[in-house]
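Visitor: One-letter residues, chain by chain:
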Amino acid sequence: MNLNPDQIKAAIRTKVIELAKALDMDASGVTDDDILPATGLLDSGAILELVVWFEASYDFRIKQEDMNIDNLGSINAMTNFLLSSKPA
Amino acid sequence: MPTFQTVPCVNINDEFVDVVSIDVKQGEFVNGGDVVATVETDKSMIDVVAEQDGYVLRVDCEPGQKIRVGAVMFWLGATPDEAIPEATKDTSSTVSAVRQPTAKARAMLKELDIDPARVPASGERLSVADIETWLSKGGKPGKAAVSTQTAIRREDAPTVAGDLQELSPEAAGMLHTVAWHRDFAASAYLEVEYDPKPWEERAAAYAAEHKLILSPLLPLMAFRLAELGRERPLINSTIVNGQRFQYTPVNIGFTVQAGAMLYLTVVRDTQDMDAAQFISALGEVQRHAMAHKLPPQEASGATLSFSSMARWNVSRHTPILPPQTSLIIAHAAPKNSDKAVLGATYDHRVLTGFDVAQVLLALSRPA
Chain A
1 MNLNPDQIKA AIRTKVIELA KALDMDASGV TDDDILPATG LLDSGAILEL
51 VVWFEASYDF RIKQEDMNID NLGSINAMTN FLLSSKPA
Chain B
1 MPTFQTVPCV NINDEFVDVV SIDVKQGEFV NGGDVVATVE TDKSMIDVVA
51 EQDGYVLRVD CEPGQKIRVG AVMFWLGATP DEAIPEATKD TSSTVSAVRQ
101 PTAKARAMLK ELDIDPARVP ASGERLSVAD IETWLSKGGK PGKAAVSTQT
151 AIRREDAPTV AGDLQELSPE AAGMLHTVAW HRDFAASAYL EVEYDPKPWE
201 ERAAAYAAEH KLILSPLLPL MAFRLAELGR ERPLINSTIV NGQRFQYTPV
251 NIGFTVQAGA MLYLTVVRDT QDMDAAQFIS ALGEVQRHAM AHKLPPQEAS
301 GATLSFSSMA RWNVSRHTPI LPPQTSLIIA HAAPKNSDKA VLGATYDHRV
351 LTGFDVAQVL LALSRPA
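Going down the list, the protein sequences come from chains A and B. Counting in the UniProt record's numbering, the final residue of the first sequence is number 88, and the numbers go up one at a time with none missing. Counting in the UniProt record's numbering, the final residue of the second sequence is number 367, and the numbers go up one at a time with none missing.
With the rest of the complex left out, here is chain A (with noise of 0.2 Å):
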């Protein structure tokens, strides 16, 4: 599994898009430091597919108390908190 923070970071802001786009949104613009719900280009059910593609992608376990915007906030919370997660 490749947990080049770079990596982690395109393949999160690829996925973003990708749910953005399904509601309609353009999310291409996004930065790394965007809050993620702030932003009003992702509603609760599409942050909510994000987190488990993200686990399933990176083949970890969220817990239920970790779920806030502190970890998983941005693209630098999600790519921080997972490299956190899973020391090399």
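Which chain B residues face chain A? A few, computed with CB under 10 Å, are given here:
(1) 207
(2) 212
(3) 213
(4) 214
(5) 216
(6) 217
(7) 218
(8) 258
(9) 259
(10) 280
(11) 281
(12) 286
(13) 287
(14) 289
(15) 310
Source of the hints: derived by calculation from the structure; they are not laboratory data. Glycine included, each C-beta is placed from N, C-alpha and C at the ideal position.
We have chain A; now place chain B onto it with these hints.
Guide: Chain B alone, transformed into the frame defined by chain A:
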């Protein structure tokens, strides 16, 4: 004639049981009352006893298996080599054979004077098709049969080329839900418009306080419904054979669209939860649904339900009642509108329009 014995209902809210042990073997003779198996749910364990004397012709389940209430467990016969009816030979141990007939099947059984226990069911309910199959294999109407000519009807296959396909478990579940709604509930619908701002402000404040990544708006509204279920027990009940069945727990059903699949996820025992616990529990089952990994206890047993199509920007929808429930809330919040809609499909055998209007008004604003 061989008879079958089905998985007993252990708890009214559990559609599945775990088979703990099978205490008989094929060919063995058992006496009525002998313990032949043990099954359990999360809440209790019971012994299954033979309903009559006979030789075990076939055992259709095994220890460790999760099996639906009403499915065939084993067959008994007067001799060890008695033939099991052809129509059932291909059924697996997880195929349902609940003796509870549909309304149309019940009418047919009555008309033909047939004991429902004699007819194997291919689905969760004993259907007209099951009776017709049984009759076509040599089953005989009773002596008091009114007519065998008018009641035996099959749905004609379409004349256009095609083939029959098995339903997925989810599609079969939806068919069961729709059939219950059609056959038992006296469904009605009403709705109220409301100002969504107070709820939105409450959800935004809650999300900020708890740093939530998912909007708690719908979970908070569903939790309010759970509270109303505690305060107004009537909405948390159903009708069973002419009597009101009052549920003890408040199990909240919550629809989740996962890709093309619509699930009714269930958070059980919400009467013991506060808002934070409920939101966490609902988040967990939503994730299971999104991953298409809902365990049976999170996909069954709803006593009161909430459905929103706000995500799809619909102006209203009239949901089907989940089996053996009396109320499902329908939430819609069209974009670019300062009004949202709370509707409800309800079972008029239990609730009046007044009851439901009171619930909708109470739900239209935070407590």
